[in-house]
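Chemist: One-letter residues, chain by chain:
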Amino acid sequence: MTSIETHVTQPYKYGWTTDIESETVPAGLSEDIIRLISAKKGEPEWLLEWRLKAYRHWVTMTEPTWANVKYPPIDYQAIHYYAAPRRDKAAKSLDEVDPKLLETFEKLGIPISEQKRLAGVAVDAVFDSVSVATTFKETLKEAGVIFLPFSEAVREHPDLVRRYLGSVVPYNDNYFAALNSAVFTDGSFAYVPKGVRCPMELSTYFRINAMATGQFERTLIVAEEGAYVSYLEGCSAPMRDENQLHAAVVELVALDDAQIKYSTVQNWYPGDEEGKGGIYNFVTKRGKCAGVNSKISWTQVETGSAITWKYPGCILQGDNSIGEFYSVAVTNNRQQADTGTKMIHIGKNTRSTIVSKGISAGKSQNTYRGQVKIMKGAAGARNYSQCDSMLIGDQCGAHTFPYIDVRNSTAIMEHEASTSKIGEDQIFYCQQRGLSAEDAVSMIVNGFCKEVFKELPMEFAVEAQNLLGISLEGSVG
Amino acid sequence: MLQINNLHASVEGNEILRGVDLTVNAGEVHAIMGPNGSGKSTLAQILAGHPAYEVTEGSVTYEGRDLLDMDPEERARAGVFLAFQYPVEIRGITNAYFLRAAVNATRKARGLDELDTIDFLDVLDEKLKSIGWDDSFMNRPVNEGFSGGEKKRNEILQMAVLEPKLAILDETDSGLDIDALKTVAEAVNKLRRPDNATIVVTHYQRLLNYITPDFVHVLASGKIVKSGGKELALELEARGYDWVKDEAA
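If you read the protein sequences in the order shown, they are chains W and X.
Using this note's numbering, the letters of the first sequence correspond one by one to residues 1 to 477.
Using this note's numbering, the letters of the second sequence correspond one by one to residues 1001 to 1249.
Derived by calculation from the structure, the hints in this document are not laboratory data.
Even glycine gets a Cβ: it sits at the ideal position worked out from N, Cα and C.
Don't take each hint at face value.
[As the list claims (entries may be wrong)] Listed next, the in silico DSSO-like pairs over lysine-lysine satisfying Cα-Cα at most 27 Å (straight line):
1) X:K1151 <-> W:K450
2) W:K421 <-> X:K1151
3) X:K1226 <-> X:K1165
[Unchecked claim] With the C-beta cut set under 8 Å, the calculated list includes, among others, these residues of chain X facing chain W:
4) M1070
5) A1076
6) L1082
7) I1093
8) A1101
9) A1105
10) E1163
With these hints in hand, go ahead and build the complete structure from the sequences.
Modeler: Shown next, in the form of structure tokens:
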């Protein structure tokens, strides 16, 4: 057996649980459960109606099977759709937040207590189904930026939420988006008014804690004319033997000359070496460049989850608008990822760039699936796609499915793809220069992902590099 | 510095080395010549610790230590350097970054402080000056898009920065035109010191016009069949390898 075939996995670092009394609704999904969730959140009638409409549509749909992933049927009636740490009343300030929750986030490296806040980053911390704390609310308010837990935004800014909710991902968009629309519990809402450059990075950290619970959060970000915002999302979950469902929806709206930069470092529990447990990450993320000269940029580093099903895309409606997708997806052991993007060119001279890096190790399967659609009116549209796959060992798989649909003859499309393998020779070369085999793999993989990492905000680029090292640790013996 | 005794080695069950004996002392340059398939590159790879080769018999002692018992990176950190016949590419990682990681891995193993970027650039600058080269390679990714000649030059550059005690040049002359050959040879000569040693593995005599060996060995069918001074290389150039093989048989 060559050294490359030796696989050992480093234990998942975030696999512990917080022992906290939680309040859940009974397992299963029905109109009554939805009414119960909506009531618990004190929602207005229109939102409940929207949820019910989504639910009624969802029951008529069937789960999609086109993705290149395999898993046993999900029993939607066995999932708890709402779990919240028990508390007597809503916390008005951080002092009132249960110290156990603050501790949880500290341990995850997400400091939300007053003294230890991350400089320059406002964080919304979501624990199971509810938002625990949002930092820097006041500073942001002065700049006119609204950054709130979704449920609070519904109460405080119902008109804004109502105007944009479902405007990019309609409730009937797809199976998982419909499910989310029916049962979503919390998430983040960000609104940057006209001409404002958001003074700090906005960030949401999602933590699933409770057992047999799904997390269904919803994020909505709106950048008005000329506004700019950079947003980061991070996540983790305890190690559990059963699979847990995470079906989120993210909607972005950029008006004229606005820019939204959305970065994700996804580190859900991936399951063990044999593929037992782990999160099913079935997520719908889409941005609409509604205005002229607007720009939406997705950067994702996906290392966790047992199964990833995710295609952050852009609808390029405004003339001269720009969509970007930079992705690193790493799979090890028995993980499966089917991820990519959708770029829909509607406006004139719209441009999109896709850079996808897939790294497969162990017995994992890594699929890039991307769609570029140039509509009739999108004169002068351009797309550049680059899909690179890297294989570590010989028991994993890399797959690429690009779909291209061009309906305007002035469009320019470029597509590049490559597949490479980290070989013994490459590792030996580094070792011959004094590096350990593990440092060699980490260096080679980081070099491979460089074009994507440079798109991440500085502090997160470092985190992503480390995470990559950990995910692949032991993949080369 | 290096003693090889009765070394036998095989790859995928085929025996390639069949009892190699060789002693290299500090300050010496040894040339290992021989026809295709004689095991020259195998010997170089085994000394560096390539995992694909299996040593079946014999021993290798390097500075009093059992070299075969050391991991490839330990050997490198102890001063064994291999200039590869086919240097590999590493996308997205600049030469400067790669070299600093290599230098620091060795420094760390020797209990020295790691160099930060600025200190490292000073060291690098000095090394480049000492061999008379510029820094045009430094910000390019390791060997990516390099011509064959550039890759070989890059190996020598790494050697200059890492200051090995025992340098093994595996067919560094192959693929080089005459000007590049001279440049590389000059750099190697400048790096010679009384306390280091060099093993030059080559097919042809021409490199030895520029790097003068103290000893020349002929490897044929996995054994050193003849050893001599630098004049042996000229004789091989003139008469080929067959007569040595016949003599040995």
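Chemist: Using the nearest Cβ pair, does X:L1082 come within less than 8 Å of chain W?
Modeler: holds, 5 Å
Chemist: Would the stated hint for X:I1093 survive a check requiring a Cβ distance to chain W of less than 8 Å?
Modeler: holds, 4 Å
Chemist: Given a cut of 8 Å on the nearest C-beta pair, is the interface hint for X:E1163 held or broken against chain W?
Modeler: violated, 12 Å
Chemist: Quick one, is the X:A1105 hint okay against chain W at 8 Å, beta carbons?
Modeler: Nearest chain W Cβ about 4 Å off; hint holds.
Chemist: When you check the alpha-carbon spacing of X:K1226 and X:K1165, does it fall within 27 Å?
Modeler: holds, 26 Å
Chemist: So if I understand the rule, the pair passes when the alpha-carbon distance is 27 Å or less; does W:K421 with X:K1151 pass?
Modeler: Since the Cα atoms of W:K421 and X:K1151 sit roughly 20 Å apart, the hinted pair holds (cutoff 27 Å).
Chemist: Any CB of chain W closer than 8 Å to the CB of X:A1101?
Modeler: Nearest chain W Cβ about 6 Å off; hint holds.
Chemist: Report holds or violated for the interface hint on X:M1070, using the least CB-CB distance to chain W and a cut-off of 8 Å.
Modeler: Violated, about 11 Å.
Chemist: So, X:A1076 near chain W? Judge it on the closest CB pair being under 8 Å.
Modeler: holds, 4 Å
Chemist: Hey, X:K1151 versus W:K450, does the alpha-carbon distance stay inside 27 Å?
Modeler: holds, 22 Å
The structure is inconsistent with the numbered hints 4, 10, although it conforms to all the rest.
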